[in-house]
Amino acid sequence: MATLTMTTLDPQSKAARRGLSDLAIRNLFIIPTIIFLIVFNIFPLLYSLGYSFTDFRASSNAPANFVGLDNYRTLLNDPFIWSNFAITAKYVIVSVAGQVVVGFGVALLLNREIPFKGLITTLLLLPMMLSMAVVGLFWKLLYDPSFGIINYAFGLGRFEWLSNPDMALYAVALTDIWMWSPFVMLLSLAGLSAVPKHLYEAAAIDRAGPIYTFFRITLPLVAPILMIAIIFRTMEAFKTFDLAYILTSQPTTEVISIRLYKMAFQEWQTGMSCALAYIVLIMVIAITNIYVKYLNKVKER
Amino acid sequence: MRNRITGLVAGLGLTLACSTSVFAQELTIFWAEWDPANYLQELVNEYEAETGVKVTVETTPWSDFQTKTFTELNARGSAYDMVVGDSQWLGAASEAGHYVDLTEFFNKHNLGEVMAPATVKYYAEYPASSGKYWAIPAEGDAVGWSYRKDWFEDPKEMADFKAKYGYDLDVPQTWAQMRDIAEFFHRPDQNRYGIAIYTDNSYDGLVMGVENAIFSYGGELGNYETYEVDGIINSEQNVKALEMYRELYGFTPPGWAKTFFVENNQAITENLAAMSMNYFAFFPALTNEASNPNAKVTGFFANPAGPDGHQFAALGGQGISVISYSDNQEESMKFLEWFIKDEVQKRWAELGGYTASAAVLESEEFQNATPYNKAFYETMFKVKDFWATPEYAELLIQMNQRVYPYITAGQGSAKEVLDALAADWNATFKKYNRVK
Numbered sequence: 001m002a003t004l005t006m007t008t009l010d011p012q013s014k015a016a017r018r019g020l021s022d023l024a025i026r027n028l029f030i031i032p033t034i035i036f037l038i039v040f041n042i043f044p045l046l047y048s049l050g051y052s053f054t055d056f057r058a059s060s061n062a063p064a065n066f067v068g069l070d071n072y073r074t075l076l077n078d079p080f081i082w083s084n085f086a087i088t089a090k091y092v093i094v095s096v097a098g099q100v101v102v103g104f105g106v107a108l109l110l111n112r113e114i115p116f117k118g119l120i121t122t123l124l125l126l127p128m129m130l131s132m133a134v135v136g137l138f139w140k141l142l143y144d145p146s147f148g149i150i151n152y153a154f155g156l157g158r159f160e161w162l163s164n165p166d167m168a169l170y171a172v173a174l175t176d177i178w179m180w181s182p183f184v185m186l187l188s189l190a191g192l193s194a195v196p197k198h199l200y201e202a203a204a205i206d207r208a209g210p211i212y213t214f215f216r217i218t219l220p221l222v223a224p225i226l227m228i229a230i231i232f233r234t235m236e237a238f239k240t241f242d243l244a245y246i247l248t249s250q251p252t253t254e255v256i257s258i259r260l261y262k263m264a265f266q267e268w269q270t271g272m273s274c275a276l277a278y279i280v281l282i283m284v285i286a287i288t289n290i291y292v293k294y295l296n297k298v299k300e301r
Numbered sequence: 001m002r003n004r005i006t007g008l009v010a011g012l013g014l015t016l017a018c019s020t021s022v023f024a025q026e027l028t029i030f031w032a033e034w035d036p037a038n039y040l041q042e043l044v045n046e047y048e049a050e051t052g053v054k055v056t057v058e059t060t061p062w063s064d065f066q067t068k069t070f071t072e073l074n075a076r077g078s079a080y081d082m083v084v085g086d087s088q089w090l091g092a093a094s095e096a097g098h099y100v101d102l103t104e105f106f107n108k109h110n111l112g113e114v115m116a117p118a119t120v121k122y123y124a125e126y127p128a129s130s131g132k133y134w135a136i137p138a139e140g141d142a143v144g145w146s147y148r149k150d151w152f153e154d155p156k157e158m159a160d161f162k163a164k165y166g167y168d169l170d171v172p173q174t175w176a177q178m179r180d181i182a183e184f185f186h187r188p189d190q191n192r193y194g195i196a197i198y199t200d201n202s203y204d205g206l207v208m209g210v211e212n213a214i215f216s217y218g219g220e221l222g223n224y225e226t227y228e229v230d231g232i233i234n235s236e237q238n239v240k241a242l243e244m245y246r247e248l249y250g251f252t253p254p255g256w257a258k259t260f261f262v263e264n265n266q267a268i269t270e271n272l273a274a275m276s277m278n279y280f281a282f283f284p285a286l287t288n289e290a291s292n293p294n295a296k297v298t299g300f301f302a303n304p305a306g307p308d309g310h311q312f313a314a315l316g317g318q319g320i321s322v323i324s325y326s327d328n329q330e331e332s333m334k335f336l337e338w339f340i341k342d343e344v345q346k347r348w349a350e351l352g353g354y355t356a357s358a359a360v361l362e363s364e365e366f367q368n369a370t371p372y373n374k375a376f377y378e379t380m381f382k383v384k385d386f387w388a389t390p391e392y393a394e395l396l397i398q399m400n401q402r403v404y405p406y407i408t409a410g411q412g413s414a415k416e417v418l419d420a421l422a423a424d425w426n427a428t429f430k431k432y433n434r435v436k
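Chains S and R, in that order, are what the protein sequence lines are.
As numbered in UniProt numbering, residues 1 to 301 make up the first sequence, in order.
As numbered in UniProt numbering, residues 1 to 436 make up the second sequence, in order.
These aren't lab readings, by the way, just hints derived from the structure by calculation.
Positions of the beta carbon are idealized from the N, C-alpha and C atoms, including for glycine.
Heads up, some of the hints might be wrong.
Partial selection, computed: residues in chain R whose CB lies under 10 angstroms from chain S [to be verified]:
id	residue
1	Pro254
2	Glu270
3	Gln411
4	Gly412
Here are the simulated DSSO-like cross-link-like pairs (lysine-lysine), alpha carbons at most 30 angstroms apart as the crow flies [what the hints assert, rightly or not]:
id	chain 1	residue 1	chain 2	residue 2
5	S	Lys140	R	Lys68
6	R	Lys54	S	Lys262
7	R	Lys68	R	Lys54
Have a look at the derived ranges for each label pair, beta carbon to beta carbon [claimed, not checked]:
id	chain 1	residue 1	chain 2	residue 2	range
8	R	Ala359	S	Ser83	47 to 55 angstroms
9	R	Tyr167	S	Arg158	28 to 36 angstroms
10	S	Phe147	R	Ser78	40 to 48 angstroms
11	S	Ile120	R	Asp154	54 to 62 angstroms
12	R	Glu365	S	Pro63	52 to 60 angstroms
If we strip away everything but chain R, and leave its shape as in the complex, we get (with noise of 0.2 angstroms):
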């Protein structure tokens, strides 16, 4: 009886042991649900393939990211090892600690420069120009515009156009000519519409939007390093920038007060719009027959410049961090080392995953894989983001709650609104003693 008893026990002993390093072959890294996450499931097989070790690329809706994941930080929670979270989250989580500085790893590897220099600075550094990294840039991302070139070819809409402004129908180069061509295309008697634009102001959708308008038309949000916002956020740039996307929003189908990348692939799937706002990430979708019955006639480009020739865009996308209360740091370093490796880079770009290595994103052979990686390429050098100091929350809903009723029913003018949410900026600040 006795031996028996030493049996079990030594028979649990022996399970619980293999079980344990079993575990600690696994890891979890969380992100949004979306299409890149499954790209990224994919990559992640092959590295179990090689390796041995299990990653799963857990997700949630993107309406519940932000909240999930700083809930799980906030609770000091194992659950994930890595994140793949928004830029604007860097102050934040680095702050409280939740992220593992990842500075020496940088430099070690020389990320600086082997990862495109826009995604180094808003994806990985905090604060601005400091030199310390929290993340390594992972799914690039930024706003570009997908269009219906049968609606754009068509000789008598060519026409039609020419005469109507004196100049021949393209591409839009400049956001006039894309004002130009919203109106044109704008005739909801035949339920067809000019443009569809963000207008979600829920999380970033809108801001994002505004953004594009604000950072080609020559303006700031403000002063990342000093915090100063008076002068620059509400600058005569930005004020005209606002009323451009204001009157762009008079182009677009009815009812579009909540819109963000689902509806504005829709405007395009549904033949509502003869142009659309979108994350490159979105536009896979597009150019797919069975999610797009236009694909054919869908064709991209990038956020067209501002009055004084200057040309950027709002960036999306997220890096990958190593959470601090993981118990597999020491794994998921092992497996960062893997994912910065060209190869792996070049393979995530085949997978359909945005890479941030300059190098893949110069080839030849990525530029001409689909029809929108030229304007991807393009944009990833020219982008700006919104602020990444640990109350970006709060500056984020100031910011909505300021224009978002400006956008969408003409509440104010553009100058009321920027000089309100300019105070609004500044008090915040004050508050968390950023500025005196």
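Chain S with its partners taken away, still in its complex shape (with noise of 0.2 angstroms):
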């Protein structure tokens, strides 16, 4: 397939008159790339899957023993990791929930001809332009009980959102919903200006309702970019870090990979953590794969 669509190099070009061939110049693009990779991230990962079977650290001399599946036994067993994924999983369906809901609903207000229309979009873009750590700092201040906005503006007194236990979670998540639905509202409004206006003028003419309208025709056809943009923000949100550790440090907003980071390079326990990190990455693998096949489904329609 690859082959065919290959154009074939021009024989009047430089490169053709110094006797390369295009195969030569595919492996010359392609191949620093596989090295890079290999070097970078297929190494690293296989070789951490061997530290994960041993009591290695790396802040000791003591050589690595092999201690077969213990560190999995170890980290399944303990109570404080499955809060951390409970933890986890909380923040994802929270954090994504909102982002979809708020980052739709603001693509479908966009999703018309009004004054100014790219200004807006462009300013609504600016939160995810920003860096994660600068956000948290500056959300920190805005959720501050005595001199933070937050309350100022909707008159909430004292309210503490970080520093109680109950709430600080959904502080993060709110914090991570302002930061990253306009990606959602991106993707979402290029899925709608995709949708046919003859699908509408047809359903008008039927006199369909808005609500069924939405249902039936805008919906379905924007569900395969809406997954895309799910899977990609279950996965950041999956792994988050900088946000929860910047803003608060409440053991109800210890994510896993709070949890992972102080393990590996506050405790040097390398081989447990490489062990904890295996886990993560194998139901990041399992959530996604779910999602595509969802949206295979979904595009089948």
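From the two separate chains plus the hints, produce the assembled complex.
This is the structure in structure tokens:
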């Protein structure tokens, strides 16, 4: 398939005159990338798999001993790790659902002829262009119970967003929703503008109501692209670290990547943290696969 | 043409030779980003003027300090020649061979006597009571308290306090008095609160804060020689100390759940709290009117005593160690010989550094130099510290995991929390074969 679409080298070109075949040029471009991937991605991935079966600690001179599945057994029996996973799951659900509702809603509002549409869209995209660390730091100020503008604006008095253990995770998710809804909005807008206008015209002629039109025309046609946005956001939310780490240190917001960071770079339990990283990797792959299966199904329709 | 090439090569060789000899005269000390590091840079500039050896103090924010240091050490990197490392790193860094053994240097210069005993025990020696030394006490530090003198000395407040509690409002001598004063000044409707304490659980903030209570209540974290923790970390005194810390949390400003040295100084500068816990190293900022509008009315006191008269404080501060992967170890030792001289230690104190030299600490001149030096001197002879074993980071995280939800959200009871912590620590020590 790929060879069929590949154009052959123009015989008049400089490269052809130097005796380079199109195959040579292809290799020239691809091989460095593949080497880079192998050295920096594949090799460490396999190497850390090996470490996950040992009691290796990067901070000590002691040799790594093979411990079999001990690390995995310890981790999966640790109630703190399970609570980290439960927190992560809750965070992913709240944060991604919020982003889809807000992002898709804003996209619906923008998907019509309004003045300054381009400007409004650009301004709405600003949050996702900021650095996570910067967003974390200034939302920490916004949430401050003594001088934060959020409590002031909504008349919440001294409501404690981040130091209340039950609220802190929602506060982090809210910040994430603020930051990443524009991403969902952008993809949804692309999907919405691709819906053929004549379908709406036909629906109008048939006197279909707005709700019926939305559920039978808009949503099914936008669904594949919306699914892609959801896959991206779920993967990102699952790996979230910076926002939660900067905003608060409540145990109720200790998502799995924070626990992993502490285990790997504060406690230096290198073998154990490799095992935890693999557990997380397997989970992310499994969840993504479910989505991809569903995406293919949606596309077939 | 050939001559020209030869000349060029010779010139190049000469340049290289010169530049390497210049590099050999440079030393890099790694430390965290805070005022004492700037004072140290000023001090080492004088070393350069004397000897021609350029010394650079490289810094990184506190939050990265541990990670960055150990990443470099574990990679056996030679980027730094010396590090001013935290006391609890001694075990990890010495057992892994990251630090040069300074025992000979220590004994030769009789530093066990020259430096204050507590600083030798906690900044330099590992394992406990082994007579092996890995660092030279450099920046002494401990936790003390600042308070609002104007609030304490207000006649109306004094009368009200006496009427309510039956004794005079003054600097607290015990934790019980401190609790009363915190309760007395806790007035959320006036945006005034009783007390500021450490609650940050991302490194050792909260644990240090709790240690102040535990040690003064006569408790210990465990037996540092036998690794026994049962009945020690969950002793009756420790349960009471933890309950007291939890009670004090109730008198802190709103949102006081991730606070460390920055927030605790803000509590004084922003008129939030009557009393605030902090390391002495952060007190210079409180006596400076540029950084504290209340500088004139800010006072200081040492950590109060517990119910049985014990009075201890959590140790901060660091010792300076030579890194075994450094190419300039000899030059580093020469620097340390200069650093421990009496006159240099005196100069170090003048610049704002907290010397660990017993002679300087005991001098009248030092004790009268600032409003808090006397409290610092008193404290430095009664400090205790956290575990310094190689697995200290796991112990620290376990303590944070257990204690934090109790202090900030009242989950469980102090007894349950400490019993669970004892079990965690026991399991960790078993894992590393410290106990059977």
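Discussion item. Which constraints among the numbered hints does this structure fail? Numbers only, ascending.
Written reply: 4, 6
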